[in-house]
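Take 1104 as the starting number for the sequence shown in my numbering and just add one per residue.
Among these hints, one or two may not hold up.
[Unchecked claim] Restricting the straight-line Cα-Cα distance to at most 27 Å, the calculated cross-link-like pairs of lysine-lysine (DSS-like) are:
#, residue 1, residue 2
1, K1200, K1291
2, K1622, K1484
3, K1484, K1349
Calculated from the structure, these hints are not laboratory results.
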Amino acid sequence: MIAHTLGAPMSNARLISVEVERFKSYEAATRIDLAPLTVIVGRNNSGKSTLIQALLLLKQTLAHPRADVPLHLEGPVDALTLRELTFGWPTHGSRVKGPRICVRWQSVVDVGIVLLRTVLPRRTVQTGDRESFSGIGWLAEPPDDKSLTTELCVELGEEHGRPVLDHLTLVSTTDDGERHELDLTLTKDQWRCALDGQVCEHITLELDHFVPHLVLDRSGLDPDHLERALYNNYLLLFSQPLDDLKELLHEFLYLGSARTLPPSMYRPSSVPPEEIGISGEYAAQLIHSRQSDVVHYLAPLRVHDSGIEVPTEVVGRSFVDAVNDVLSGLGVETALRVEDVQNIGFRLFFGDASLTHVGRGLTYLLPIIELGLFADPLRFKGEVGEQDPQRYRDDCNGYAHFALEEPESHLHPKVQTRLAHWMVALAMVNRRIIVETHSDHFVRRLRGLMARAAPGSELEQWLRDNVSIVEVEQDAAGRSLLHASTLTPDGSITEHWPADFMDEASEEESAIYYASLDKAPSAPTTDVHVEHDPGPEPEPDSAP
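Starting from the given sequences, assemble the full structure and let the hints guide the process.
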């Protein structure tokens, strides 16, 4: 199991997209753009989880202690050989062309700090003309910081059963379209480095797994040598963004669809866990060790007959109080409490029942809530209270990223519906979330929120701009394809309506209705029939 220290996100860095090629069921280059809330739907075995696994594969590789390992195949993504993860498997031969994985992210570079690390030629220092020496247009008037979008593409192969790196590409672009490219190609066990088409003879490559770091051999280079400029460009364009990428991948959190069954008694953790665990296996120790520490969140949205209530304040509460507040917002009124048993351990209770003896749904729901709270860029800092969402975003200086697979497992349909309220609220306050789901209730409520949102309201605009629904399907040859859509103001979906998904419930209701019309009235019988009073209709946001 991967474990590492999770620090605060850096430089307002955020993941923008992931692209895979020749990876499992994806043959052609296929990119998924990541919104604050990205929802992936599709049939079983269509390739939904593969998109998350691309990030997990890079994450588990960076956690390996040996930097010379280009790809680590043990962890959440587990394989005996790389060819098992390559499209077209099984393949034969001692040399196999493997997957290509590209990650694109955005970060803000502190230009002043980077410039302190650069060594400029005398003529540049005298004239102040950094632009002509470097070829970087925005250096004509160097800003204090610069927003850069960076893409790293990693091309892999397998040779004699071991993963190898074949090709690395780094591309940096600015908001106004200025583009610079670093190309690294392995040829006869030697790496060839070219920056914006200029081959570098005095720049060598060091690798931290698949992350490149360049080193300039300055011996014998005159002060105005072109490669000094190229190396400065690497420092300005790629050095800090690459550090940000490593931090983003280290901090990427993931919760799978299965859960570890709870024991009757837990052993306290000597060191507080730094993650929930892919099966929620650390959720109990986390809530026990951090129960009094403060986390920040936006409470789940509430839907009423009169409209949608969007919380206006980011709440700071102790971990336990926050869990109970969110449970209530999801319609679960039974409170969680932690009970220490002296010299033995501790137990978790929902009301008067221990976690072992409550329904499976609560044991599945607790890690989901904890993950959303733990994915707080300011977690365990600050004090109890409320603050303006914009002030909270400014204080965060970054984003937390996490992925959930089938969060609806073992949950009542009403709770599945309200998970949409919770995910939207989290995505509004610096969480970037990937949800892989089969839940019609979850997706239908996202559409319902959009349909209910007042025309021209901030909520309507947010849902339109920040929710992406991605369908994954396979063609007759078993190749996975993506169709990305957004929500329209009337609650529909643009571009592509997922097949055999959101239409199933309405089609079944229609079938029941028309079938009932075709049936003749039943003949009278002597059976005693007791009328059942269904009671009043529940409120739109009442507890299940």
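Numbers of the earlier hints that this structure fails to satisfy, in rising order: Number 2 only.
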